[in-house]
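Produce the entire structure from the sequences given, and follow the hints as far as they go.
Residue numbers (numbering that gives the first Met the number 0), protein chains in the order written: chain A, 0 to 229; chain B, 0 to 348; chain C, 0 to 295.
Source of the hints: derived by calculation from the structure; they are not laboratory data.
Treat the hints loosely; a few may be bogus.
[Stated by the list, open to error] Here are the simulated BS3-like cross-link-like pairs (lysine-lysine), alpha carbons at most 27 Å apart as the crow flies:
hint, chain 1, residue 1, chain 2, residue 2
1, B, K237, B, K340
2, B, K340, B, K261
3, A, K123, B, K96
4, C, K173, C, K86
5, B, K151, A, K123
6, B, K107, B, K151
This one's a predicted model, so the numbers in the text were calculated from it and none came from an experiment.
Take a look at the letters that make up each chain.
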Amino acid sequence: MDKLAEAFVIALRLIFTGDPVVMEITLRTLTVSASSTVIACLIFIPLGCVLHFARFPGRGFLIGTIQAFYSMPTVFAGLLIFLLLSRTGPLGELRLLFTTRAIVIAQVFLVAPVILGLIISALKGVDGQAADTVRALGASPMQTAGVLLFEARFAVLSAFLMGFGRVISEVGAAMMVGGNIAGRTRTLTTAISLGIGRGEVAESIALGIILMTLALLVSFMVHLSGLRKA
Amino acid sequence: MRLELRNVYRAFGGKRVLSDVSLTVEQGDFCALIGPTGCGKTTLLRISDLLDTPDSGRVLLDGVDCAGCRGRGRTMIRRRASMVMQRPFMLSGTVEKNIRFGPGVRGKRLTGDEVAEVLAATGLTGMEGRNARTLSGGEMQKVAIARAVVTKPELLFLDEPFNSVDQGAKPELRTLVGRLHREMGMTVLMATHDLADALALSNRTAVLSDGRLMQAGETGPVFGNPANLFVASFIGMKNIIPVAFENQEAVAGELNIHIAEKAEGNGFIHIPPEVITISLERPDSSQRNAFNALITHIEETPMYDTVHLRTGGLALQAVVTPQSTGHLGLQRNSRVWISFKATSVRILA
Amino acid sequence: MLSWFRYPSLVICLALLFSGCGEQPGPAVSDPAPVEPGVYPPRERAERLLIATTTSLYDTGLWAYMEPMFEEMYSVELDILYAGTGKAMEWGMRGDVDVIVVHDRAREEAFIADGYGISRTPFAYNFFVIVGPPADPAGIRDIEPQLAFTVLYENATVPFISRGDESGTHAQEKRLWGAACLDYDTVRASGAWYVEAAAGMGPTLNMANEMGGYALADIATFLAYQGDVDLEIIIGSGDAMRNVYAVIPLSNARNPEMAGNMVNFLTSSEVQELIGAYGVVEWGRQLFTPCAGQEL
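Structure below.
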């Protein structure tokens, strides 16, 4: 027990003295996770709008399938992207494997169902009359989607935050396509997993505290945005 | 803008909502679309405003077939029309934001004066900064009307616009709609189940029942001359009597009523309450139909009295002025004579 | 119709822009060893060399020690991936790395025979050791490794924790079972005493510590963990226990010239001396014996 307490103390010291390695890993994690979430939003929010407004046979089944993939195992996403980006794979020549770009790609793939599903839910939550009203006032389909997204803006923000929370705390995909290379693709989660394996308790706790703080912050913001409904 | 629907069919999930509806609303007309709840009025309006596509049939706006329009073309045509829904959806934000929305999506920015003008026209002056969702039902409907007309539409659709408004605010809104129609010269198609609206505002009326158009034409004649039983009873007419026709007589109960045309078989006749004359003594034979009747009760209003009568096994109503009631000394259980011309009796299909 | 493509292309451009971030190479050390000799400021270098090494070698901190020196000398970004020998070889077969540094001669030679690797150059060795509880419950201290394995198998109560991950260490373990004339699959199925950790050296040692059992480890990793676990070296020598590390540049390396440089680097007299000196100050004994040029 003493050892644990001692490790905690060291961990806090690492954080508050701004240990360069810890800071570097944290900054990289934030950048990668933010990029993944933003890119996923840019792609899948419009796609979510299209799915919401479209009517075609099998639509309900498709949406159900999307929701089933909310908890896609991260190693599955990692494996798929690894096979895609490996030298022997279709995109091998792009030399993306074992870079942060590969992690971003894998995470975008991972978080896609979450963003899609939550956006569709968000739009469903808007008054049914809204779309007709806005169209009747002369809005084009894109303008209509924009207005509806605005009306559901707190739910859309929640979707973003949930997506961010999912990618920042995943380790399977980052490990597989990033390789946990020191100084290049090491993130909070992959560093913790390495540290634990090696018994580097203090460093792991430090990174763990930072990760939990970020996750709590995100959770808190989701809660806040849920309280405020338009 | 001229609206024409030709043979429009629309069904939802196997249930037919509109059948073979053909309707024309000329430029500048104010057409009331009346009918009971669920008869397809909203669907008809949505199809006319290109918010929905008919399963078959044509929608012509200013002579251009629009039913199959897509994408940008559809949006551009729709921008020449406007619609006010039953329970208006307020965009989140202020009243002013709602008003600026229509011009905004067209890339137009209103001047402060233009906003003030439309606020004044709809009686919303001073409320531009209010959160639109905190307004009362009537105020919201005014905002909905304001934002619909600020884009100067050529065609305005109103779907039971006074439904969610309390009684006190209705006359004001009704007047507003009428005034906007006159001042802006737009074509209006208004769905309503309140006949007073139709009578007050429209110059044309179309009657819809169960997805079919029962009658359409100028308002006066539609109300005065209902084409069939449905229209008549919907319009709420009194003195509709099931009869058996024999030559130029309609037999109902113990009464033989003289009518102006030859007819056969069974059917209905309508005796408008206002054509029934009440007298204390049997009238002379210039009126072909005269019957003895008993007054069952009298409904008094400041404008007119409705006298309920029983005669020959039938219940009828007559409308007289309060002065006549006093003058004739009419009261319950009085025995009187009622008379009406054969030509005043309407035969309903 | 064209307007359809505007939005997706904008997204793709942004994506490429964004994902460039996070690439800033920070201080390349996150391992316990000090950065010696000299401290080099991190620089963004265009050229990259990817090497895959075994977890046991990685965990000793030797790579972190040598990395900045190599990077500075050859003006290249050295990216070090770690995995069990089997996985490292798989990466090599796919061409996702340029060099592999592993410790399983038999498999290495097969790898080269199959054409994946160009050559095999041993550069350092140490010994495998069998570690266990200080009380030595199975009574196998200082006997021949093969004999010790036989004893453990027949005893079948004191736990033995295997790497179980197709690593070089695992391969050595299997060789020892073979040397004890025991069929490996039979051993695996023979009872709860044989535990397959399916993990790296560190976690395996931790497990042995928790369960009060034995394990096969390389001396370097064990020394690094000695302070944290209650285990001792029970059997520490024997020719069969030699653990030879070799560097193999890959046939389809993206950067064959730099791969060659890595071989030269590891076998250069300067680096050989550094390898020999590694760990002496910290743990009181040599972790690796340099052996460039020897037939091992």
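Indices of hints not satisfied (ascending): Result: hint 5 breaks, nothing else.
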